[in-house]
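2 protein chains.
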Amino acid sequence: MSRSLLVAQSGGPTAVINSSVCGVIVEAMRHQDIGGIYGAINGILGVIREELVDLREEAPLSIWKLRRTPSAALGSCRYKLRQEDFNRVMEVLTAHDVGYFIYAGGNDSMDTAHKVAMLAAEKKYDLKVMGVPKTVDNDLLITDHCPGYGSVARFNALAARDSSLDTEAIYTADTVKIIETMGRDTGWITASTALARENQDDGPHLIYLPERPFVAEKFLESVQSIYKRLGRVVICVCEGLRDESGEFVTASKRATDTDTFGHKQLGGVGDFLVSLVVSKLQIKARCDKPGTIQRVSGLCLSQVDMEEAYRVGQVAVSKAIEGESDRMITLIRRESAEYQCETGLVDLEKVALGRKPVPDGFMNRESNFVTPQFLEYVRPLIGGPLPEYARLRKKVLDKRLPPYA
Amino acid sequence: MSRSLLVAQSGGPTAVINSSVCGVIVEAMRHQDIGGIYGAINGILGVIREELVDLREEAPLSIWKLRRTPSAALGSCRYKLRQEDFNRVMEVLTAHDVGYFIYAGGNDSMDTAHKVAMLAAEKKYDLKVMGVPKTVDNDLLITDHCPGYGSVARFNALAARDSSLDTEAIYTADTVKIIETMGRDTGWITASTALARENQDDGPHLIYLPERPFVAEKFLESVQSIYKRLGRVVICVCEGLRDESGEFVTASKRATDTDTFGHKQLGGVGDFLVSLVVSKLQIKARCDKPGTIQRVSGLCLSQVDMEEAYRVGQVAVSKAIEGESDRMITLIRRESAEYQCETGLVDLEKVALGRKPVPDGFMNRESNFVTPQFLEYVRPLIGGPLPEYARLRKKVLDKRLPPYA
Numbered sequence: 001m002s003r004s005l006l007v008a009q010s011g012g013p014t015a016v017i018n019s020s021v022c023g024v025i026v027e028a029m030r031h032q033d034i035g036g037i038y039g040a041i042n043g044i045l046g047v048i049r050e051e052l053v054d055l056r057e058e059a060p061l062s063i064w065k066l067r068r069t070p071s072a073a074l075g076s077c078r079y080k081l082r083q084e085d086f087n088r089v090m091e092v093l094t095a096h097d098v099g100y101f102i103y104a105g106g107n108d109s110m111d112t113a114h115k116v117a118m119l120a121a122e123k124k125y126d127l128k129v130m131g132v133p134k135t136v137d138n139d140l141l142i143t144d145h146c147p148g149y150g151s152v153a154r155f156n157a158l159a160a161r162d163s164s165l166d167t168e169a170i171y172t173a174d175t176v177k178i179i180e181t182m183g184r185d186t187g188w189i190t191a192s193t194a195l196a197r198e199n200q201d202d203g204p205h206l207i208y209l210p211e212r213p214f215v216a217e218k219f220l221e222s223v224q225s226i227y228k229r230l231g232r233v234v235i236c237v238c239e240g241l242r243d244e245s246g247e248f249v250t251a252s253k254r255a256t257d258t259d260t261f262g263h264k265q266l267g268g269v270g271d272f273l274v275s276l277v278v279s280k281l282q283i284k285a286r287c288d289k290p291g292t293i294q295r296v297s298g299l300c301l302s303q304v305d306m307e308e309a310y311r312v313g314q315v316a317v318s319k320a321i322e323g324e325s326d327r328m329i330t331l332i333r334r335e336s337a338e339y340q341c342e343t344g345l346v347d348l349e350k351v352a353l354g355r356k357p358v359p360d361g362f363m364n365r366e367s368n369f370v371t372p373q374f375l376e377y378v379r380p381l382i383g384g385p386l387p388e389y390a391r392l393r394k395k396v397l398d399k400r401l402p403p404y405a
Numbered sequence: 001m002s003r004s005l006l007v008a009q010s011g012g013p014t015a016v017i018n019s020s021v022c023g024v025i026v027e028a029m030r031h032q033d034i035g036g037i038y039g040a041i042n043g044i045l046g047v048i049r050e051e052l053v054d055l056r057e058e059a060p061l062s063i064w065k066l067r068r069t070p071s072a073a074l075g076s077c078r079y080k081l082r083q084e085d086f087n088r089v090m091e092v093l094t095a096h097d098v099g100y101f102i103y104a105g106g107n108d109s110m111d112t113a114h115k116v117a118m119l120a121a122e123k124k125y126d127l128k129v130m131g132v133p134k135t136v137d138n139d140l141l142i143t144d145h146c147p148g149y150g151s152v153a154r155f156n157a158l159a160a161r162d163s164s165l166d167t168e169a170i171y172t173a174d175t176v177k178i179i180e181t182m183g184r185d186t187g188w189i190t191a192s193t194a195l196a197r198e199n200q201d202d203g204p205h206l207i208y209l210p211e212r213p214f215v216a217e218k219f220l221e222s223v224q225s226i227y228k229r230l231g232r233v234v235i236c237v238c239e240g241l242r243d244e245s246g247e248f249v250t251a252s253k254r255a256t257d258t259d260t261f262g263h264k265q266l267g268g269v270g271d272f273l274v275s276l277v278v279s280k281l282q283i284k285a286r287c288d289k290p291g292t293i294q295r296v297s298g299l300c301l302s303q304v305d306m307e308e309a310y311r312v313g314q315v316a317v318s319k320a321i322e323g324e325s326d327r328m329i330t331l332i333r334r335e336s337a338e339y340q341c342e343t344g345l346v347d348l349e350k351v352a353l354g355r356k357p358v359p360d361g362f363m364n365r366e367s368n369f370v371t372p373q374f375l376e377y378v379r380p381l382i383g384g385p386l387p388e389y390a391r392l393r394k395k396v397l398d399k400r401l402p403p404y405a
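So the sequence lines, in the order shown, correspond to chains A and B. Using our numbering, the letters of the first sequence map in sequence onto residues 1 to 405. Using our numbering, the letters of the second sequence map in sequence onto residues 1 to 405.
No wet-lab data here; the hints were simulated from the structure. Predicted, not measured: the structure shown is a model, and the values here were computed from it. Please note: incorrect hints may appear among the correct ones.
Think about it this way: if two alpha-carbon atoms lie no more than 16 angstroms apart in a straight line, the pair counts; the simulated EDC-like pairs of lysine to aspartate or glutamate are [unchecked claim]:
| no. | chain 1 | residue 1 | chain 2 | residue 2 |
| --- | --- | --- | --- | --- |
| 1 | A | K394 | B | E51 |
| 2 | A | K228 | A | D201 |
| 3 | B | K394 | A | D201 |
| 4 | A | K399 | B | D54 |
| 5 | A | K350 | A | D108 |
Computed, partial: chain B to chain A, Cβ under 8 angstroms [said to hold, decoys possible]:
| no. | residue |
| --- | --- |
| 6 | I48 |
| 7 | R49 |
| 8 | T69 |
| 9 | K394 |
Just so you have them, the derived chain A footprint on chain B, three or more residues with Cβ under 8 angstroms [said to hold, decoys possible]:
| no. | stretch |
| --- | --- |
| 10 | 11–18 |
| 11 | 75–85 |
| 12 | 285–291 |
| 13 | 294–304 |
| 14 | 396–404 |
The beta carbon of each residue, even a glycine, is placed where N, CA and C say it ideally should be.
When you get a sec, could you build the whole thing from the sequences and use the hints?
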């Protein structure tokens, strides 16, 4: 007796969360056990509102194009289910005979999926619930990395390289460039900008993550010292930077900036560092803050990321059909010369609400850059090297005149 | 008797100014009349400092790769020559027997080139001076458009599309997205974000250019009305936005932010609009500000832009050899069904310091979006359509339950 499958997307969009949905749909279509293939509009909200769409009605080409379409095609949400919502979820799943519920998201979403799985078990409703990892933040526990991260890392590596070249080019213009990246609680995204550095004096020169407390005096010393040596400094900083007391260096005070999970919307760290540099060091500075553009850039898709996102979607369905439930698919990196990942399973409970910070060994002692170990970790995830740029030899002509005052 | 050619880059870097230098070098190598092929480091500063490099010593592959290398490989500058510097320029050109001086830049740079040409004429020093148009701002007079613009337009069209999809996806998160683009005095860059809009309700929904005074009340009305209809609003705004009195809506007060041309470094308009929306309409809002990343993105090269940048570099050299001087190469759009441009010449004096605003016919009456005429103008410049994304049909399932409160 065939039952329906329901897939939904949750949390911040990424460049490849649609690739996961593509993997879910394609795999679901292969199985006779699956009747309806449905999508919920705007994640769990679409479930409680009974806003479901029939994915079997989509053109095959549209489904295939999802692999390279950023953002969340079914719509996403940031909504924390209230206690009373859970019964409604069960009613809707029952009304549409949903036997498989696939939820793509981060740690909050895995908590939601876990609670749905527990309630179904309590009510003796036969439901296989599988979590598909998704987050640009790369902070889900246990999995080696999260689909969505490789692409945002590629964007930031490219952006930091281009922006550093921009700073290097202009003499007597802005000589301190701050690039503010996303990352509410962890520095994975910011750290990826280190991939921009190909030669010793390339930017970024300094990288600040929220895993280490920010000390303004040390920061200014580092900036000053690099400025003296190179005449320019490129600094990448995480929006979630915290001071020694654990407070956000700049947290928005606006009440409307708090979402229903109680998270603060951040922003402004870059401008804050600009002010610091200008006021304390009297050096010109400016800030680039690509914001949400970084997490959904269709142009910066990492091929590896896109394929892994597809695979975790596929495997989530095949495992659900095999009878697994209340689990999330993980990526496990093989110990091999060439980068390879296989998929694994973890109990949703173990990843729900948890958070993996950038480990100590990935940051240097001065807390102002990453280590070679981190670069080794992140390099394969961005799906191939950055495009090669020309570097001129610049053979200097002998001077024929005395120096000009 | 062969004489040397000197090429230099000036002003803000772009994605394709190196492609122009490539065109200059390749063309120069074809001519017996040209002996040394030199580059000045950091524009005119490299001339007065006699910091010149021998471009014949570069590997052919490096030269070719310049076509796809963003920023300014020879280094650029923002430096206004003092009266006494001009004599030094002549000394350096004379010492290295420079007979051809090719300067790539915007309106300030064309003024510099014009002054060098006049001084050479006055001193009866045989020098052919040619200007190569370059500016992401697209505000040079007479030329149909400026190399550098097509690529920044492509970046912003893509960024605005991705960022709009991001806003569309998340229910109950940020529902007003502000994207702040570059453009100190003109709105050409901001206007290009309109290319992101493929269907009627797509973002961006509102576009604000400095050519029309910003009126906060009208802005808030427009935001409110779109928000009521769609539940989201994407707004693209130019960093150089001005109010009815002609003042920058937010001008930085910091003295160090003023360069030697007396221009103010801007920034903060996006954050200012966020505050307006949050405080006056109580709607969540956030700002993306890609900053310098937009003007040097190696990934968003417009093929048309890259080829035209190469061509204006090439033609500058061939015209100098034919005896032209004190001129800038222009691009002239042919009246034809398919987009085609030929090159022309204009006196440097006519473009020096001048500025072409976005014309009235390219903006709508409400001053909050562009017209179809502008889209027709800009579309061919970005070098091919944006990559096609999946759009799901979303056939809604019949509801089986009463609505949920």
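Here is how each hint holds up against the structure:
1. A:K394 with B:E51: 10 angstroms, holds
2. A:K228 with A:D201: Given that 16 angstroms is the threshold and the Cα spacing comes to 13 angstroms, the pair holds.
3. B:K394 with A:D201: Violated, at roughly 51 angstroms.
4. A:K399 with B:D54: 12 angstroms, holds
5. A:K350 with A:D108: With a Cα-Cα distance of about 12 angstroms, the restraint between A:K350 and A:D108 holds, given a limit of 16 angstroms.
6. I48: The hint holds - B:I48 has a Cβ within 8 angstroms of chain A, the shortest such distance being about 5 angstroms.
7. R49: 6 angstroms, holds
8. T69: 4 angstroms, holds
9. K394: 4 angstroms, holds
10. 11–18: holds (count 3)
11. 75–85: holds (count 5)
12. 285–291: holds (count 6)
13. 294–304: holds (count 6)
14. 396–404: holds (count 7)
Against the hints set out earlier in the document, a violation occurs for number 3 only.
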